[in-house]
Amino acid sequence: MTREPLLSVRNLKTYFIQDEGLVKAVDGVSFDVAEGVTLGIVGESGCGKSVTARSILRIVDRPGRIVEGEIHFRRPSANGGPGRTVDLATLEPNGAEMRAIRGAEIALIFQEPMSSFSPVHTIGSQIVEAIRLHQPGGRREARDKTIELLRRVGVSSPEERVDQLSNQLSGGMRQRAMIAMALSCHPTLLIADEPTTALDVTTQTQILELMRQLQQEDGMAIMLITHDLGVIATMATDVAVMYLGRVVEQAPVDAIFHAPLHPYTRALLRSIPRIRSRARLVPIAGAVPHPYDRPTGCPFHPRCAEFKAGTCDRQEPRLTRIGDHHTVSCFLYE
Amino acid sequence: MAVVVAVAPEQRVFVASQWQLMWWRFRKHKLAVASGVVVLGFYLVVLGADFLAYADPDVSEAQRSLMPPQRVYWFDGWQFGPYVHGFKGARDPQTFKRVYVADPSVKVPIRFFAEGFEYRFLGLIPTTRHLIGVDGGLDASQTIFLLGTDVQGRDLWSRLMYGTRISLTIGLLGVTASLVLGVVLGGLSGFYGGVTDTIIQRTIEILRSIPTIPLWMGLAAALPRDWSILQVYFAITIIISLLGWTELARVVRGRFLAMREEDFVVSARLVGCTELRTIFVHMVPSFMSHIIAATTLALPAMIISETSLSFLGLGLRPPAISWGVLLQQAQNVQTVAISPWLMLPALPVIVAVMAFNFLGDGLRDAADPYGR
Amino acid sequence: MLAYIGRRVLLAIFTVWAISVLSFVIIQLPPGDYVTSYIAQMASSGSVVSEEEAQALRLQYGLGQPIYVQYAKWMRQVLVGNFGMSMEWRRPVTDVIGERLWLTIAVSVAALLLTWVLALPIGIYSAVRQYSAGDYLATFIGFIGLAVPNFLLALVILYLGFILFNAHIGGLFSPEFQDAAWSGARAWDLLKHLPIPALILGLAGTAQQIRIMRANLLDELRKPYVVTARSKGLSEVRVILRYPVRVALNPFASTIGYTLPYIVSGSIIVSLVLGLPTVGPLLLKALIAQDMFLAGTIVLMLGVMTVIGTLVSDILLVWVDPRIRLEET
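Protein chains in written order, with my numbering: chain V, 1 to 334; chain R, 335 to 706; chain A, 707 to 1035.
Since the hints were made in silico from the structure, they are not lab data.
Just so it is clear, CB atoms sit at the ideal spot from N, CA and C, and this is done for glycine as well.
Honestly, I wouldn't trust all of these hints.
As the list claims (entries may be wrong) - Cβ-Cβ distance ranges computed for the label pairs, FRET-style: (1) V:R274 with R:K364: 50 to 58 Å; (2) R:V685 with A:I1021: 39 to 47 Å; (3) R:A396 with A:E757: 30 to 38 Å; (4) A:Q836 with R:Q668: 43 to 51 Å; (5) A:R782 with R:L365: 40 to 48 Å; (6) A:A887 with V:E160: 33 to 41 Å; (7) R:L604 with V:R318: 54 to 62 Å; (8) V:T197 with A:I1021: 37 to 45 Å; (9) V:R10 with A:R948: 54 to 62 Å; (10) R:E596 with A:Q836: 27 to 35 Å; (11) A:D925 with R:K364: 41 to 49 Å; (12) V:T197 with R:L604: 30 to 38 Å.
As the list claims (entries may be wrong) - Which residues of chain A face chain V? A few of them, derived with a C-beta cut under 7 Å, are: (13) Y777; (14) R782; (15) R917; (16) P930; (17) G939.
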């Protein structure tokens, strides 16, 4: 692939400056998302996955802000050419250009289907609003489009649902409506932040299946954030593993599952159950350190089985390219 | 290991008792702590009103009607020795108003722990000592008026001390009565639900949609004129609390509803506790803190009610002294324009209301130590 | 929705009934019955009530009969618009109250409107710019509003007006319009005099509503649907006004109904200080003179007026919150 990636995040740092101390939620994240593929981002709770997603959309809540780094995003051009690349990190968060990208070119769906729709507006009016914001056309047209979208994402009797409030829909239906809203303006990148965590297992499978089908039809790239390695295995083309605000390893999905390099990735894989395996599950030792109290050196060293005193706790490892598409950040490979 | 060390200070949180957690949270709220100190100060005045007063609040003297507050000189020469100048009263020959001129030749020294009128300290120990006073006690030819005098020539400072006693205890008693009503009715409403709940809730809604002051006025005006101060005092307390319990009942009911389904309440019932035991041994202690906070927040309304009624002349009546009674003298703007110190009793009302509000806010935030 | 409004109307009717009972209690409380006091009052001023007249009055109000019969008889009179005679004024109660009731309504409605107009934007500003200088200022003014009883505020403003401008702030009309007949000029004069009493009466409610709006909006601003709205690419102003403010309006609207009783309560005592020609001073005089029909009627009218105001504000809530509109049972 010679074409430059759709999204390229370089050394992104998003800090929360609070009275109690500085929380480095995202501390030097780098990864790429190619056009039309699915990048899975995996990591334990609190490792900065969601903040990374919000940083890309520039909707990090105060007191958090991007202190360093670049977010290169290639905007689509009208004639299907390569388009123009902008650094989102330098844009005004509420400026016209960022708002034109947000919702239209990069869309977001996230965890809480219960509360991600306004309780006092109908589902339809919220989707219509998104359509009319970014596309020409009247209210009538937008409404027809909304019903069509709802039908496409598998919402039953969309003509009625369009005028209902979100609390009249089930969790799965709400997440489908959310996907419909996200896709309403044909984004080139869809960020899905734990889209299935709050759903039951059957609904989970349906929603993932729906996302995959829509991706094939529309050809958008998906950035799928999850802590569920099972979801990664079924959905992702590439995987980035995050730990304490950093990407520790990025590789194609097969490489992650069959030839993981970073001790954290390996530990993570050992902690998930497999059918037909009689091996004991091995939990990762210790807990994620408190964000105010990050370990020096490699952030994983206090829990690492292959910890080398004098190196891992003193210096920070760099992201090193191992194979064509495999990068890892560990002294074992430097 | 670094991880363990990092967690160590947090371990404190896990072993701390509920009340300890609340204290830690409350302490962070500086304004609430300061307000707590102010409230404490107010209740010290309630206890020691007669000690802090230096003149009998009921002794009037036409010769010194509407005297302005005196300036206190703290140093006599180079030595600490507070004194005030003597005053000469005279009638302005043109306007016929009484005017007072300071007489620098007369120094009235302020003595500490001086003799004055007789009273019982804390209602028990008979004594004649007061915080400050003048030489010669009751027979002294010159006396002090720190905050001036009212129309009848009574010392405003001393009256303010007594007024504080009455106004704050009426608030406290009123809120206690409200609390009893609120906890019982709110508790019944929240614990039983159903028809009981509906009836009590509707009653609350009805009471809340009636303007209270006209009702109070009507009830207060009907009190027999020949009742003693004490009778009126209790009657007013009851009238105020009759309409003040609704908010407390609402808080209690909300807590009850939230708690009825909690595991520890269900398990208490399952092991066979009686309903009364479940309520008083298991439920009430766990929302005690919320009740204390709500009670503190209800006090200002009580104080304002009493002050308003007395101000209108329908609450406590002279010779009783309360903040509202004192403010009655400030009803006429012409009088106030000439003797602005008559408005001074407004100050403790405002300070007390603010202090109770801030304290209540702090307590309410602290009452839920696990929240947020 | 109809069920909701039906419930509200039913509750309002109940409240009016409760108020009528309380008003009746107030009329009954003083010792001695009305006719005896009336005769004594008339006698003291030299006129004589004939025995037939006294008997007719006794019959009309069911004196000597059980208390509930007396209540029923009184209610029947009230329902046909006969509120009895004022002893003080020796005129029908309705005559004495006259335009004062309308002026009370004018003052209260002005105060309520002011509460809405001030509390809404200030509350929104305070929440969106939490911990800004403006937020602290609003919080501070809010605490003053809560802590200073409105009659004291009236007193202070009156005093300041007297000292600084040597002007008597207060009243609802300039002297030349005091007793004039209604005209455009008189209405305009009233409008010019309304802001100060409205501000004094509305301040406590405004302060409370600012706090409620701020707290609600702060809660709502953290909710995920705000992120959703933002991620659509809406401008920040539109995100806030269209979503969290809209949701926070609901508890705001439902509590603002409760400020009306406060305002009406306050208007009595503030009217006294500011010398407003409302029913407040009349009520106080009536109570002190034990002119009970006048006092009872004023309490009843104030109560009914408050209930109607609250009902209107409840129905407004339906318009604000579609969840109620869609409610079925």
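Each hint tested on the structure:
no. : hint                            : result
1   : V:R274 with R:K364: 50 to 58 Å  : 56 Å, holds
2   : R:V685 with A:I1021: 39 to 47 Å : 41 Å, holds
3   : R:A396 with A:E757: 30 to 38 Å  : 51 Å, violated
4   : A:Q836 with R:Q668: 43 to 51 Å  : 46 Å, holds
5   : A:R782 with R:L365: 40 to 48 Å  : 57 Å, violated
6   : A:A887 with V:E160: 33 to 41 Å  : 60 Å, violated
7   : R:L604 with V:R318: 54 to 62 Å  : 60 Å, holds
8   : V:T197 with A:I1021: 37 to 45 Å : 42 Å, holds
9   : V:R10 with A:R948: 54 to 62 Å   : 35 Å, violated
10  : R:E596 with A:Q836: 27 to 35 Å  : 32 Å, holds
11  : A:D925 with R:K364: 41 to 49 Å  : 24 Å, violated
12  : V:T197 with R:L604: 30 to 38 Å  : 33 Å, holds
13  : Y777                            : 45 Å, violated
14  : R782                            : 46 Å, violated
15  : R917                            : 22 Å, violated
16  : P930                            : 4 Å, holds
17  : G939                            : 3 Å, holds
Hint compliance for this structure: hints 3, 5, 6, 9, 11, 13, 14, 15 are broken, all remaining hints hold.
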